[in-house]
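*Asks:* Protein sequences appear in the order of chains A and B. Position 179, counted from 1, in the first sequence is what the working numbering calls 179; the numbers after and before it change by one each time, with no gaps. To get the working numbering, take the position in the second sequence, counting from 1, and add 1000.
By construction, these hints were calculated from the structure, which means they are not laboratory data. Incorrect hints may appear among the rest.
Pairs of lysine to any residue residues, derived as SDA-like cross-links and limited to a Cα-Cα distance of at most 25 Å, are as follows [stated by the list, open to error]: (1) B:1184 with A:151; (2) B:1184 with A:195; (3) B:1002 with B:1344; (4) A:228 with B:1071; (5) A:198 with B:1388; (6) A:194 with B:1371; (7) B:1289 with B:1344; (8) A:194 with B:1071; (9) A:194 with B:1406; (10) B:1204 with A:200; (11) A:14 with B:1216; (12) A:178 with B:1270; (13) A:93 with B:1321; (14) A:93 with B:1071; (15) A:228 with B:1186; (16) B:1002 with B:1374; (17) A:248 with A:223; (18) B:1406 with B:1395; (19) A:198 with B:1268; (20) A:151 with A:241.
As the structure is a prediction and not an experimental result, all values here were calculated from the model.
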Amino acid sequence: MAFKHLIGLQDVSKEDIEEILDLAVSFKDVILRPIKKVPSLKGKTVVNMFFEPSTRTRTSFELAAKRLSADAVNLAISTSSVVKGETLLDTVKTIEAMQIDIVIIRHSVSGVPLYLSQRIKSSVINAGDGMHEHPTQALLDMFTIREKKGKISGLKVAIVGDILHSRVARSNIWGLTKLGAKVRVVGPSTLIPKDIEKLGVDVYTDVEKGIKDVDVINILRIQLERQKKNLFPTIREYAMLFGINTEKLKLAKPDCLVLHPGPMNRGIEISPNVADGEQSVIEEQVTNGVAVRMAVLYLIGGGKKDEENTD
Amino acid sequence: MKKILIKNGIVVDPANNIEEKLDILISDEKIEKVSKNINDKDAKIIDVSGKVVMPGFIDMHVHFREPGFEYKETIESGSRAAVKGGFTTVCCMPNTIPPIDNQAMVEFINLKSKQVGLIDVLPIGTITKERKGEELAPIGELFKAGAVAISDDGNCVLNSEIVRRALEYCKMFNIPIIEHCEDKNLSGEGVMNEGYYSTLLGLKGIPKAAEETIVARDILIAGEVASKLHIAHISTQGSIEILAWAKKQGVNVTAEVTPHHFTLDESMLTGYDTNYKMNPPLRTKDDIKAIKKALKNDIIDVIATDHAPHAELDKDVEFNNAAFGIIGLETAFPLIITELVMQNVLTLSQAISKITINPAKILNLKKGTLSVGSDADITVADINKEIEITEEFFGSRSSNSPFIGKKMKGAIEVVIKKGKIIYEDK
C-alpha cells in the first residue's frame, strides 16, 4: 500500500487500516528496544505545523519521525498574529518553499488538511482538524484495543462524552465500524450530532444503558467552556450523569478496557479511580501512539521495509 | 426616431399571456408594436429565428458592494454581470459601508447607476439605522429618494416589535419589507445546513428552524398589521409550508428563491469547497423537491440571485472563515432553463414570469412586460444552446461560483435596454 496523505479514516479501507496496525506492532518492538531508532526515513523532512495548542500529539509525531531517522521540525505558528484570510495561502507557500516531504497539521477548522493536500506537493497527515477527524488518535485507540483484546471485530465499544465537537469520536467511528466493532455513542442529547446513527452507530443518552456489557469504553474529554453555551447546565450535573466512576464501570464487561485520549479532567468525565485503575490503558495509549504514528509516517514516507532492521 | 425590429423570435411575455412567434418593433425607448410579420423600412432588423424574446429580466436581490467593498464588485462591474445574464433591472441590497440608510446614499446609488448607464440599478433601503436592528431607518426619506423596498439583508431584524412597526409604517408607501429570515441565536456560528453532512464534515450546523421561526413570526405580524412582506432567499420545506399556509390565509406575503437553492444541496460540501458556502446554507434534496413544487404552484413568486461577489481573499481561506455567498447573475438564466424548464418543472412562460412580471408587481415597477408602450427592455436567448461556465464567462469582478466548469443550456444572445442594444453575443 502506498499512501499519499492521511486526512481521515473515512477514506481509508479496512485492509489499509489493518496494514497500519500490523506495521505498528513491529514499530512497537523498535521503541521498546534500548536503541529506539531505525533508518527508514533517513533524509526525509517532516514538519509539525500545529495551529492549535497540543503537547501530546505533537511530541508523539516528533518522536515517531525521529525514531524513523527523519529530520523533524516544529513550526511554531502563532495564530493570534496571523491576519485572517492570509494564513492558509501563506502556509502553502511556506511549505512549498521549504522542500518538505511530510506535513503534519493540526488546525481548529475542519477541512484544512484536505485544503492543504490539494495545493502542495508534500504529503499531508491530519493531526486533528476542528470537529472533523483525528485519524492517528483513532488508529492508536484501535491498536490498543486490538493488542489487549486480540481482535476488534465483534467488540462492543462505547464512546462517551461530547460527540458533537469530537474529531476523536468521528475517526473512531469510521475505523471501528470498518473493522467490525459495534459502536455506541453515549452523551447528553445536546452533544450528539444530528443523524450520527447514519454512520452505523447506536445512540444512547442514558450512560448506564450505553455502557452495559461493553468491551471498551472510550471516554472523551469534556471542554468545560461548553457549559457556558448551555450545552449542559453545570459541570456537576455532567459529572453526575456522564462521568465514568467505578460504580458505573461495573455495568460494562468485567474486562472492559478504559481509554481516554487525554488530557483528562479527573473527577469530571472520569473518576481518578477509573483513570488509574486496572482496566485503564490510558498510559499505554500514549506509548502506542508513537508506534502507530511511526507506521503512518513509514507508509506515507515510502520507507524501505528491508532497512528496518539494519543498525 | 431610432427603430429596431426584432423579427421571427418566439415572444414570451407572461404578463400578457403571450408565447408565440411574433415580431417586435421598438421605437426609440419604447415598444411600439408587437404582432405577426411587421415590416418597417427604417428599422434596423435583428433576425432572431428560433430564439426566445423576453422582457428584460429583473433581479430583485443583488449585492453590488459599492460603496465599501469595491474590490469585490462595483455598480459598474455588477451592471456588466447583469447584462451578461440578461438582466436589465436589478435591486441592490443596502449592506454596503456605509449602508443605504439615508437619502444621500439612495441618491448615490441612483447617480452611479446613471453614470454607468447600462441597466437600472434600483436601491433597496435599510429597515433600521445602520442595519443594527435597533431603530427604524428614515423609511419615508428612503422611499422619496427612490428606494423600491427596505431590507436589512445579511441581518435579520431580531426585535419583533421593530418588525411590526416597520411593516405598519411601510403601508404608507406600499413598499415591501424584504426579510432575511435567520434567527441568529439559532444559527450561531453555523456554516452549513445542520444534518448528516455537517456531522460528517465536523462543521457547525445551521438548523432549519433558524429560518422557519422568523418566516412564521414575520408572516403572523404582517397578517395582523395587513402589510406587505417579502421573504428573501427561502430555503426550506418548512418555510414553504408556512408560506403556503399564509397565502391561503390571505396574508400579503411573497417569496423568492435563488437558483443555487433549487440546484445544489448540502452533500456538495464534502470537499470543503467554500464556493458552496452560502447563507441560507444549501439544504437537502427534499428541500429542493419542495422548492420546485412551490415554484410550480406559484407559492414561490420570484427567482432572485442573491448575487454575492467575494474576492479570492474572502473565499480561499479556512472554511469557517470564508465569506458566505456566490455570484449568480450570469448563471441564473441557464440554471432556470436547465434545472426547471428542461426538467418540466416550469413552463418557459411561468419560469420567465418569476424573473420579470412577478418581481415588477411586488416592487410596483412598470417593468417586466413587452406591452406596447412599455420601456423597450428586452432579452433574447437561445434556450437550446449549450454554454460552458468559465471564469472568463463572468462580467462580475469576482468569480466565486460553484458552477465553473459546468455545462448548461440557455445562452443570452441580445440584451436591449430602453431601445439601446447593450449586449450582443458574438
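*Asks:* Just pull the numbers of the violated hints for me, sorted ascending.
*Replies:* 1, 3, 4, 5, 6, 8, 9, 11, 20
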